[in-house]
Each structure stands twice: as C-alpha cells, then as structure tokens.
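2 protein chains.
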Amino acid sequence: MQHIKINVGLLGCGTVGSGVAQVMLERADHLEKRSGIRLELKKVLVRDAAKARTIPSSLMTTCPEDIIDNPDIQIVVELIGGLDPAGEWILHALKNGKRVVTANKYLLAHRGSEIFSAAAANLSCVCFEASCGGAIPIVLALTRGLLANEIKSVVGILNGTCNYILTQMMHNGKPYSTALAEAQQAGFAEADPYMDVSGLDSGHKLAVLASLAFGADIRPANIDIQGIAALQDVDLRYARELGYVCKLLAIAQQQATGVSLRVHPALLPVSHPLASVNGSYNAVSVDGSVAGRTVYFGRGAGAMPTASAVLADILEAAMNATVPFFASHPLLNHRQPVAIIPPTEVHTRHYLRITALDKPGTIHDITGVLGRHHISISAMTQHEARAGAYVPLVITTHEAMGGGVTSALAELGQLPCVSGEPAHLRIWDDYE
Amino acid sequence: MQHIKINVGLLGCGTVGSGVAQVMLERADHLEKRSGIRLELKKVLVRDAAKARTIPSSLMTTCPEDIIDNPDIQIVVELIGGLDPAGEWILHALKNGKRVVTANKYLLAHRGSEIFSAAAANLSCVCFEASCGGAIPIVLALTRGLLANEIKSVVGILNGTCNYILTQMMHNGKPYSTALAEAQQAGFAEADPYMDVSGLDSGHKLAVLASLAFGADIRPANIDIQGIAALQDVDLRYARELGYVCKLLAIAQQQATGVSLRVHPALLPVSHPLASVNGSYNAVSVDGSVAGRTVYFGRGAGAMPTASAVLADILEAAMNATVPFFASHPLLNHRQPVAIIPPTEVHTRHYLRITALDKPGTIHDITGVLGRHHISISAMTQHEARAGAYVPLVITTHEAMGGGVTSALAELGQLPCVSGEPAHLRIWDDYE
Numbered sequence: 001m002q003h004i005k006i007n008v009g010l011l012g013c014g015t016v017g018s019g020v021a022q023v024m025l026e027r028a029d030h031l032e033k034r035s036g037i038r039l040e041l042k043k044v045l046v047r048d049a050a051k052a053r054t055i056p057s058s059l060m061t062t063c064p065e066d067i068i069d070n071p072d073i074q075i076v077v078e079l080i081g082g083l084d085p086a087g088e089w090i091l092h093a094l095k096n097g098k099r100v101v102t103a104n105k106y107l108l109a110h111r112g113s114e115i116f117s118a119a120a121a122n123l124s125c126v127c128f129e130a131s132c133g134g135a136i137p138i139v140l141a142l143t144r145g146l147l148a149n150e151i152k153s154v155v156g157i158l159n160g161t162c163n164y165i166l167t168q169m170m171h172n173g174k175p176y177s178t179a180l181a182e183a184q185q186a187g188f189a190e191a192d193p194y195m196d197v198s199g200l201d202s203g204h205k206l207a208v209l210a211s212l213a214f215g216a217d218i219r220p221a222n223i224d225i226q227g228i229a230a231l232q233d234v235d236l237r238y239a240r241e242l243g244y245v246c247k248l249l250a251i252a253q254q255q256a257t258g259v260s261l262r263v264h265p266a267l268l269p270v271s272h273p274l275a276s277v278n279g280s281y282n283a284v285s286v287d288g289s290v291a292g293r294t295v296y297f298g299r300g301a302g303a304m305p306t307a308s309a310v311l312a313d314i315l316e317a318a319m320n321a322t323v324p325f326f327a328s329h330p331l332l333n334h335r336q337p338v339a340i341i342p343p344t345e346v347h348t349r350h351y352l353r354i355t356a357l358d359k360p361g362t363i364h365d366i367t368g369v370l371g372r373h374h375i376s377i378s379a380m381t382q383h384e385a386r387a388g389a390y391v392p393l394v395i396t397t398h399e400a401m402g403g404g405v406t407s408a409l410a411e412l413g414q415l416p417c418v419s420g421e422p423a424h425l426r427i428w429d430d431y432e
Numbered sequence: 001m002q003h004i005k006i007n008v009g010l011l012g013c014g015t016v017g018s019g020v021a022q023v024m025l026e027r028a029d030h031l032e033k034r035s036g037i038r039l040e041l042k043k044v045l046v047r048d049a050a051k052a053r054t055i056p057s058s059l060m061t062t063c064p065e066d067i068i069d070n071p072d073i074q075i076v077v078e079l080i081g082g083l084d085p086a087g088e089w090i091l092h093a094l095k096n097g098k099r100v101v102t103a104n105k106y107l108l109a110h111r112g113s114e115i116f117s118a119a120a121a122n123l124s125c126v127c128f129e130a131s132c133g134g135a136i137p138i139v140l141a142l143t144r145g146l147l148a149n150e151i152k153s154v155v156g157i158l159n160g161t162c163n164y165i166l167t168q169m170m171h172n173g174k175p176y177s178t179a180l181a182e183a184q185q186a187g188f189a190e191a192d193p194y195m196d197v198s199g200l201d202s203g204h205k206l207a208v209l210a211s212l213a214f215g216a217d218i219r220p221a222n223i224d225i226q227g228i229a230a231l232q233d234v235d236l237r238y239a240r241e242l243g244y245v246c247k248l249l250a251i252a253q254q255q256a257t258g259v260s261l262r263v264h265p266a267l268l269p270v271s272h273p274l275a276s277v278n279g280s281y282n283a284v285s286v287d288g289s290v291a292g293r294t295v296y297f298g299r300g301a302g303a304m305p306t307a308s309a310v311l312a313d314i315l316e317a318a319m320n321a322t323v324p325f326f327a328s329h330p331l332l333n334h335r336q337p338v339a340i341i342p343p344t345e346v347h348t349r350h351y352l353r354i355t356a357l358d359k360p361g362t363i364h365d366i367t368g369v370l371g372r373h374h375i376s377i378s379a380m381t382q383h384e385a386r387a388g389a390y391v392p393l394v395i396t397t398h399e400a401m402g403g404g405v406t407s408a409l410a411e412l413g414q415l416p417c418v419s420g421e422p423a424h425l426r427i428w429d430d431y432e
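Taken in sequence, the protein lines are chains P and A.
Quick note, in the numbering used here, the first sequence goes up one by one and the last residue is 432.
Quick note, in the numbering used here, the second sequence goes up one by one and the last residue is 432.
Chain P extracted, bound-state conformation (with noise of 0.2 Å):
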C-alpha cells in the first residue's frame, strides 16, 4: 500500500498545539497505521522560542511566514486563536494553496464566510471539527452524516468552564464565587474568565453551528447571549427542588417565522438527556427532519479531546477528502438569508422568584401584573413565613412570549409589595 506523505506547520503551540504536536511527533506511526497518511511536523510557529518544551528546536519558529509561505508544508494548522492576525495568516496560507484546520470559533463565527469563499477560491479547504464541542464530531454530523435533514434544533452545551462551574453550584450547593475560584484552581478556568462565563464562547460555537445547521451566516450579533455570572445559589436549589437542573444552554431552532438564536442559563427537567452531562463535558442534541433526535456527548476542553478533532481534521485535508466539495457545499459556501426571531417574540417557560412582602393582595398584585401580561402560571411555591415578612414566591409559567415577561419583570420590580428585581430564568423542556 503506498502511503501519502504530508507536511504540517503549526502557528501556536498552547495548550491544544502542544498536545497536537506530541500525537504528530510521538504517534506518527500509528496515525499512519489508521489513516494510511504520513504526517510530518515541520514547523511550528511560537511566541517565545526559548521557552522551555518537548519539541525539538530545530521546529521552532518565531516568524510565520516560516509556515505559511513554506512551499514543503500542504497543511496550515492555526490555533492562535482571536481574530487577528489569525484571519490574515489562514487568508495568506489560502491563497498559496495551502489546506487549512483551525479550531477558532471566534475567528469563524465573525468571518467564516469570507475565510470559507477564500478556501472555496483557491481550490482548497478549511477543516474546523476544533472550533466546537472539543472531541465530538458535531461539525461532520452537520454537514455530513445528516445532510438529509432539514434541522429543527441544535441545542448544546457548548462551554466546559461554565459546566463545570454549574455543576458544582447544582450538586455541591456552592455560590457562583466560589464555584468559580475553585474551577480556576482546577485549570477548568482561565485567570480572565470573562470569554466563558459572558456566554460568549458558546455564542461564537452556536454562530458556527447554526450557521451550518440551517446554511446560513450567522453571526454572534444574531444571538441573544446571557452569560452565568448573575446566577444566585438560591434558585438553582428551588429549581432542584422543583426537578430541573441548570445548564447555560446555546440553542438554535427553527420556527415558522425565521430562526431563534440564544446561549442562556436554562432550567432543564432532571430527565433530560442534556441534564446528566456534568463537569467539563459538552453535548449537542440535534432534532432533524428525517433522522429525528440524535445526541452527541464528549469532553469539551482539554489539550486532548480537542488535538483530537485537529489531527482528525489534519488527516480529512490530507486525505483529500474535502477538498472535492468544499467550494459547492451550501452550508459552507453559497449560504441563504435567514430570518431572525427578536427574543422578545421567542415563547419558552419561564422560572421566577420574587421576594413579596407577606401580606393579603400580594399574591393578587403579582398575578395581576402576569395575566395582563399574557402570562399564564403552571406552578407556584410560597414557602411558609411570619406575616409581615419578605418572602421568596417562586413561579415556573406556561409557555410565554419573551417581550411579555420582560415587562411583566420591569412592572413586578416596581410593585410596593415586591423587594429587588425578580429573578428570572427560561426552563427548557422542548423534549418528547
């Protein structure tokens, strides 16, 4: 069996380029074994050569060009990240030919088009498994093993830190702060969390594989992104009592009037097939036409599970086995407007709890401001209290519009018997 020899650079040696350079240089024969290609690490482009690390020197670089006008290396892995100069770099490594894998979700969510058309130009590819969901491969799901489907819903869980942070606030009982802190002790955390736990990073992931799902460009400004900091322990113990559990859901669905798009901290029930994924773990539900619901778990972060879905990616380049439909794939390429659904126009079930002052017509004033709202209760538990005294009323609804409640929030926030803003989280339990 004659074998396919081929040259890889890496542009940035991180967490996930360095576990993806030890696979290259220590497993080299065994991918072989697998894929039937010999891969060769030939540069790898770093920030500070002199730190100390496991490649050998002589494949270090500090200048890019190095890689990307390097007419020995077919494939340009980058995993940089951000938007520049990574966007220049896979541009420039493009119009010389090269193929290129990247894992960055930001880059792609904001100009993935563009950097799609330039591969589709030049007779080349861009390979992005890593840019979602670490090891699970959602983005060949999407755009190949339920390609017959017209897609209803994808709704993952995109983001390890903010799993892993809820998953020690649901089970462990402990505030977000701490939860936090002790994530970043772990290494599930970055020093500056703001990315993960803004809800942004799961924004950027939904904007990529939204836009594959329904073969449009979306874009993070598309989305309505909520983040977990504003979380209070308090209510994802009343939601645990009620049989929900909490994870910051990115969901894209598609409705009679265009698409809804939004990342948000979600109640989900107990048996959800979403509601057991814990720690650092991801997964992705998706409700096709055709196929029906499929459900994707796997590790979400890590050097590891994420060089995974690189090397795959390195391997489906050099395997030449995009390259042949990239530029026609109309989820890649020759996208389609799409209308977006405002959140205020989006119906879901809604968590509240409002602290109301103990007394006769309370109750009446708050489901007053609700019915006039449209907002009709399923549930509802006042907890048993001295007169006189503030007390938390939590109320789970019936599907409601999200303009309505918002009102409803603003309008309950001003009532004399209501202390503080209400909180208030979406339950989902669009599940057969």
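Honestly, the hints are just simulated from the structure, not real lab data.
Careful, some of the hints might be misleading.
Put simply, identical chains are the same to the list, so a pair is met inside one copy or across any two.
As the list claims (entries may be wrong) - No more than 25 Å apart at the CA atoms, straight line, and that leaves these computed lysine to aspartate or glutamate pairs for DMTMM-like: (1) 33 <-> 217; (2) 152 <-> 32; (3) 152 <-> 29; (4) 5 <-> 150; (5) 359 <-> 411; (6) 152 <-> 26; (7) 51 <-> 66; (8) 5 <-> 72; (9) 5 <-> 29.
Position chain A relative to chain P; hints supplied.
For chain A alone, coordinates are given in the frame of chain P:
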C-alpha cells in the same frame, strides 16, 4: 452555483427503501439546497410490481439489471438485505463502476473485505452508515471523526427490538414472552424475531463497527454471542434492587493480549450513560486514546432514521467525498490480523442467582466453589425465608475470568444444596 446531477437506483423497497424513495421524490429540492446535489430516483427494484405503492409505477422494475447494468445510474442503493443475491448484485454494480450504498450489516459482517476490495479495484466506494445504529453517524465517527485515536473500546446498544423488550421488562416488570408479544403488536419486533433476540443482528453490527475500530477483519464467528430469550424477569427485578439496569450490549474491547468481542445481556449501573437509553433508541460509546469517551445516541430502527443514514451516504458518494481515499483507507481496505481473546479469558464482574437450600452449611459450600475458581464476592443478598425452604441467593462478584465462572456455575449446579441451574449475567461498569 452549478449543481451536480446524480441518478440513483434502489434495490429493494421495504420499510427503509420506501422511506428513502419518499424523501428523494418529495424533498429533492430541499436535498439539493443543503448538499448542492440534484438526486434523481431512476429505478426501484420491487419483488411484486402489482403491489400498491406511493412510488410512480414508471420507476418500478422487477429486473435487477435495469439498475445494476443501467448506464444512466451512478449510485446503486442495496436495501434487500441478506447474503445473496445482495452480495452478487453489489459486486456486479461495482464492476460496472457504480458507487454503492448499503444498509446490509449481515452481508458486510460476512463479506465486508471482499466487497470493499472490489470497490477499491473499480475506483469506486461502498458507503454503509445505515448498516449500524440507525440514524447515528457512527461509521463517520469511527472512520473520520475519531481517526487519530487508537480505539480502546466500542460499546453499543445496537438492536432497537431487544432494547424495546428489555425496557418493557425492566420498567414495567413484564416477563420476556409478554414483552416480546407486545413488541410484535407495536411493530417493534418482526413475526420471526430470531435475528434480533438471538443477538445475531447485534453481532453483525458489532463485526462491522469493530472492524473499523481496530482496522481488522472481524467476523461474526469471532464474537461470543448470547441473546435475550433466556432472560428471567426475576433477575431483572433483583438487578434493579441492586441499582442496575439490563441492556443487550455489543462490546469490542482492546486488551493487552488482543481484542475481546461479545454480545450479551449485561447489567449496567443506573448512572451509566448507556443505562438511560430506552425503547427503540440505540447508542454507542467509544473510548479513544486521544478524545477520551464520546457517546452517540439516536433512533436505531424505523424507516426514517435509517433513511437519514442512507440518504447521507447517497449524498456522500455523490459529492465524491469518499472515493478519493476509499482504496487507501486502512480501516476499510488493508486490514490487519488481530488476536481474539476467547470468552473464557475475559475478565468482567458477574451477577449470580443461586436457588439454594436454606440450611446450615449452604453458604459455606457455595462460597467454597467460588473461592476455588478465584471468584471474589462483591455483595451477597439472601432474602429471609423459612428454614429448610429453597431461597434465591443473589451474588455480585468482583472481576473474575469467564472460564472460571463457567466452571463454577457447572459445579454449583451439582451441589446437593442447590436447586437447578444458577442464573448468570455479566456486569458492565467499566466507566469513569
């Protein structure tokens, strides 16, 4: 954008074939919008052309040559099942340069290598996502998404009929015969359920998946297969009390001395990710050296879920995504021999139910037999009974070798204090 036009012929128009034809006839525009491929259904082979169908009669034929020798047809889809004539027709179609899509696990399990070689020799391809796991893109995951991994294990619930029956037995306490009869009435089991309940269908699927996982040519004869027909509801009830559920598992495990391949009912801890896969759902858990554990869920049976996989394969073949590497892919062609570990040498935990005389010395005799065969007890329960009566003694063991347990069971059956054959199930809790 210039779209590719591809003509398709279907061999067989049963449940899955009708689903595939329906989507191709009614949703061709949609398939083209998502894939860039215009599929045209040219001919459908049926056994009885007079039978009423929703397919236009102009498309129907009773002559396979109208498809496999038709110069207008580029992709032949084989959905008749069985070894012959399916195998001969596929080889004939490949010789004619056609690309082949098949859902035939029986054929691939027995003659996969021969058929893949023929495809390679004719510069064609065989796509077979629909052969295993219904809608789940597990062939794609093993051959592409996880290609950089050495596969440590593939563990699946691969037969929807058995899973439906076991779910009824576990959750509703029904005996096997009642659960089977209900499955037949509900259309989840065929009039002759032998291939399903014997474990053979799962064995065929495991042969296909394990061959991909290990790059070896694994046949049903290499697999230790045990079905569900002998299961007793009393054991499922005790298992439930002990915190287990019973599933028919198909297991392929890489171990130090070779691979272990088996299909058998197994007890899983309720917290195991596969334990909550109920009804006709299928699931596969794959443990990879780089990715860690990934798990895939989806509908395992029915016209549409399988049609989703068949259509994905048709599009894959049409997009020319498979042909470039089909001949050189070591997991498809160029498979290597692998050592198979005999069942007698496989270590697992075990569940035993012994009907024992409740008198002094009984436990001593039984534990003596177990000890002589190096079987260490993990837990033991004997429900209270009148002295002198026969009582069920339920034992779970630590890991013990299969051969030792078989010998011990034979010896236990001979003890004067034991009535009848002990019941025996294997436990699967190999999960982090």
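Structure-based check of each hint:
| no. | hint | verdict |
| --- | --- | --- |
| 1 | 33 <-> 217 | between (38 Å within a copy, 15 Å between copies) |
| 2 | 152 <-> 32 | between (39 Å within a copy, 18 Å between copies) |
| 3 | 152 <-> 29 | between (42 Å within a copy, 17 Å between copies) |
| 4 | 5 <-> 150 | between (38 Å within a copy, 20 Å between copies) |
| 5 | 359 <-> 411 | within (19 Å within a copy, 75 Å between copies) |
| 6 | 152 <-> 26 | between (42 Å within a copy, 18 Å between copies) |
| 7 | 51 <-> 66 | within (19 Å within a copy, 67 Å between copies) |
| 8 | 5 <-> 72 | within (11 Å within a copy, 37 Å between copies) |
| 9 | 5 <-> 29 | within (12 Å within a copy, 40 Å between copies) |
In summary, the structure agrees with every hint in the numbered list given earlier.
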